[in-house]
Amino acid sequence: MSESETMTKTVRLALLGAPNCGKTSLFNALTGGKAKVANYPGVTVEYRKGLFALPGGREVELLDLPGVYGDCGHSMDERVAIDAVRGKLEGERAPDGIVFMLDAAQIETHLHNVLQAKNYGLPIVLVLNMMDMAARDGLTINVEQLEQELGLPVVTSVAVRASGRAHLLDFLREWTGDIAHGSAAVPTEQPGELREIQSRARSVSRTVVSRIPRTETTTQKIDAVVLHPVGGLLILFAILFVMFQAVYTWSGPAMDLIEGGIGALGSAVASVLPDGLLESLIVDGAIAGVGAVLVFLPQIIILFAFILLLEASGYMSRAAFLVDSIMAKVGLNGRAFIPLLSSFACAIPGVMAARTIEQERDRLTTIMIAPLMTCAARWPVYFLIIGAFIPATKVGPFSVQGLVAFGLIIVGIVFAFIMAAIFKRTLARGESSGLLIELPSYKAPVFKDYLRGLWDRAMIFVTRAGRIILPASIAIWVLTTFPRSAENIEGTFAGMIGNVLLPVLRPIGFNLEMAISLIPAMAAREVAVSSLATIYAVSGEAAEGNMTAVIASNWSLATGLAFLAWFVFAPQCLSTFAIIRKETNSWRWPLIAFGYLFVLAYVMAGLTYHIARGFGLA
Amino acid sequence: MTTMPHRLTELPRDATTRIIGFSSATPALEMRLREIGFAEGDTVQPLHFGLFGKNPMSVRVNGAIIALRRSDAAAILVEPTA
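From first to last, the protein sequence lines are chains Z and S.
Sequential numbering from 0 applies to the first sequence in numbering that gives the first Met the number 0.
Sequential numbering from 0 applies to the second sequence in numbering that gives the first Met the number 0.
These aren't lab readings, by the way, just hints derived from the structure by calculation.
A few of these clues could be false.
Stated by the list, open to error - Here are some, though not all, of the chain Z residues that point toward chain S, as calculated from beta-carbon distances under 7 Å:
| hint | residue |
| --- | --- |
| 1 | 68 |
| 2 | 69 |
| 3 | 177 |
| 4 | 180 |
| 5 | 197 |
| 6 | 225 |
| 7 | 230 |
| 8 | 233 |
| 9 | 234 |
| 10 | 236 |
| 11 | 324 |
| 12 | 437 |
Every value quoted in this text rests on a predicted model; they were computed, and no experiment measured them.
From the three backbone atoms N, C-alpha and C, an ideal C-beta is built for every residue, glycine too.
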């Protein structure tokens with residue numbers, strides 16, 4: 000390589016370290032969050048990589064890897080991170096160096112992992128992060144001595160502040176130059192059993208670390224309240240309750256604004272285009288369909304604002320701790336809580352996150368019940384039906400609509416527990432493994448990282464509207480518009496298909512429009528809402544696009560409640576079954592999932608309908 | 000007073016003592032416990048217990064707090080407290 004090529008060579012660095020040590024904050028700060036999110040080939044663990052320029056101009060490609068506690072790779076996440084630094088991932092070049100991040104306050108706990116990393120055959124720099132917090136906890140680290148003991152460069156940082164990163168950037172500028180020249184030192188460590196390595200690491204930290212006798216930390220003071228056996232559970236329940244209430248009460252104005260905008264856009268387009276098929280396709284198909292889903296964006300954002308806050312603050316692991324003994328009652332792994340909580344956004348990341356569960360039987364059970372958590376795609380259906388039939392009144396400080404939504408979520412959870420207990424006693428019989436998670440110190444979330452996470456979630460929802468809802472809306476428009484000779488919805492292709500299904504669905508109170516909407520909802524559950532919007536728009540009943548009023552005037556209360564009951568189970572969403580197929584590597588589990596969800600949806604919708612009619616709500 | 004090692008699960012809340020080893024019955028569990036931050040000589044202190052059967056429990060070890068089930072915590076052997 001010529002001298003000028005060496006000067007400009009892009010250096011590839013891997014960010015390695017335990018979970019919660021600040022890797023992602025540093026990654027976001029350095030790359031400006033401009034990351035490419037990709038999956039490792041063959042596995043579904045996500046990783047991010049991004050480019051940034053160091054002072055002096057050298058370009059660095061940074062890899063943000065899943066957190067690791069050692070080099071054994073107990074879970075799939077850890078195996079991926081370790082394979083990545085060893086250059087064993089298909090289609091990925093090995094990194095040129097490792098930036099090993101360590102939460103300075105946790106140095107004793109994780110130093111063995113640094114010693115293990117010295118045997119990966121790459122130059123390493125150790126970054127002692129969150130030095131400010133460590134100092135506040137009364138901890139001092141002799142950095143020069145640590146460098147000598149480890150034979151590694153050690154840099155201190157406070158990754159979330161620009162001033163706290165300056166020192167690291169200066170170091171990286173020189174170090175990446177050495178790496179490009181092939182002159183950076185590659186450390187080695189005497190290999191040995193984990194026990195020996197750990198004992199070496201402990202003796203290093205005893206030499207370089209001093210702690211003043213501990214007073215009670217802020218984290219312990221908060222935990223004394225939040226982890227109280229009874230009080231803690233009440234607090235958790237209250238947080239979830241407030242979260243679902245907020246989703247309703249805070250979103251109203253923004254939703255009205257979006258709904259008004261979509262209505263105005265539809266009328267504007269209709270006034271420009273000549274009456275006819277094209278106008279109908281754009282206004283009734285595309286705008287009505289996509290608009291019906293987009294209007295729920297404020298609610299999705301509020302939901303994630305809570306979930307991300309709970310994650311970033313460190314509370315989420317406490318929630319896992321609190322519910323563990325309840326989960327154990329149905330034979331579930333305590334770690335299942337986190338995948339199941341992700342499933343409240345979408346079952347797909349939930350099914351993937353189950354990879355952190357080491358026990359195969361526990362992982363399968365968790366995967367099977369993940370679709371019962373109320374995913375974001377169900378919200379539009381719930382919002383629509385609840386909005387149409389449940390009065391927007393308040394009982395004390397609580398919105399009745401919020402209470403009903405909360406009830407539906409609880410029903411989903413209760414059935415998830417029942418099904419878990421059944422699976423653990425039948426198809427996935429076996430011992431459950433333990434909880435074993437770290438309860439990280441509480442932190443105020445980094446505002447920029449928080450907004451970035453929220454933005455990513457909102458964009459996933461909006462992109463889905465474009466990529467899945469738009470084609471599905473157009474397809475349903477075609478089916479409900481042709482043949483042109485049709486006098487009403489029954490004469491169209493959609494009506495013909497719906498009429499085939501109707502004999503099966505009528506006994507549980509469903510009408511033709513509902514039967515039709517269930518088919519495209521296989522693409523994504525919320526498509527049921529956009530399909531209903533298109534169906535009623537095409538038949539001319541929803542000229543102003545106010546779906547709630549249309550549903551309220553066309554459906555009986557019993558029918559609306561039956562539809563809600565169906566969507567608690569919703570054997571829909573092909574992507575969920577596809578990911579179950581991929582993650583279990585068999586057709587057996589996705590078929591069982593579809594089967595049990597269909598039976599539950601059918602039976603529960605039927606029961607709801609007939610009981611409601613029994614109470615005279617027809 | 001016995002000199003036999005105690006299990007971590009026998010400690011009352013807030014009592015501190017040192018780890019002296021791991022039960023040899025479960026080598027795989029021992030690896031996981033070591034990786035997450037338990038080692039011989041470390042000071043441990045149970046902090047919180049769950050609602051049913053005091054399960055799970057949280058333990059302070061070095062600068063970390065680890066949550067684990069009692070069945071796993073029983074594999075950690077500790078010095079008897081005075």
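Hint-by-hint comparison with the structure:
Taking 7 Å as the C-beta cut-off, the interface hint given for residue 68 of chain Z holds, the closest approach to chain S being about 4 Å. With a cut of 7 Å, the hint placing residue 69 of chain Z at the interface with chain S holds, because the nearest CB-to-CB distance is about 4 Å. The interface hint given for residue 177 of chain Z is violated, since its Cβ lies 31 Å from the closest Cβ of chain S, which is over the 7 Å cut-off. The interface hint given for residue 180 of chain Z is broken, as the beta carbon of that residue sits about 35 Å from the closest beta carbon of chain S, more than 7 Å.
The closest approach between the C-beta of residue 197 of chain Z and any C-beta of chain S is roughly 5 Å, which is under the 7 Å cut-off, so the hint is satisfied. For the restraint placing residue 225 of chain Z at the interface with chain S, the shortest Cβ-Cβ distance is roughly 9 Å, beyond the 7 Å limit, so the hint is violated. Against a cut-off of 7 Å between C-beta atoms, the interface hint on residue 230 of chain Z is violated, since the closest Cβ of chain S lies about 10 Å away. Annotation: residue 233 of chain Z was flagged as interfacial toward chain S, and the flag is violated, the nearest CB pair being 11 Å apart, outside 7 Å.
A cut of 7 Å between beta carbons decides the hint on residue 234 of chain Z: the least distance to chain S is about 13 Å, and the hint is violated. With a cut of 7 Å, the hint placing residue 236 of chain Z at the interface with chain S is violated, because the nearest CB-to-CB distance is about 13 Å. With 7 Å as the threshold, the beta carbon of residue 324 of chain Z comes within range of chain S, its nearest partner Cβ sitting at about 4 Å, so the hint holds. Residue-level restraint check for residue 437 of chain Z holds (minimum Cβ-Cβ distance to chain S is 6 Å; threshold 7 Å).
Figure legend: structure checked against the earlier numbered hints; hints not met, in rising order: 3, 4, 6, 7, 8, 9 and 10.
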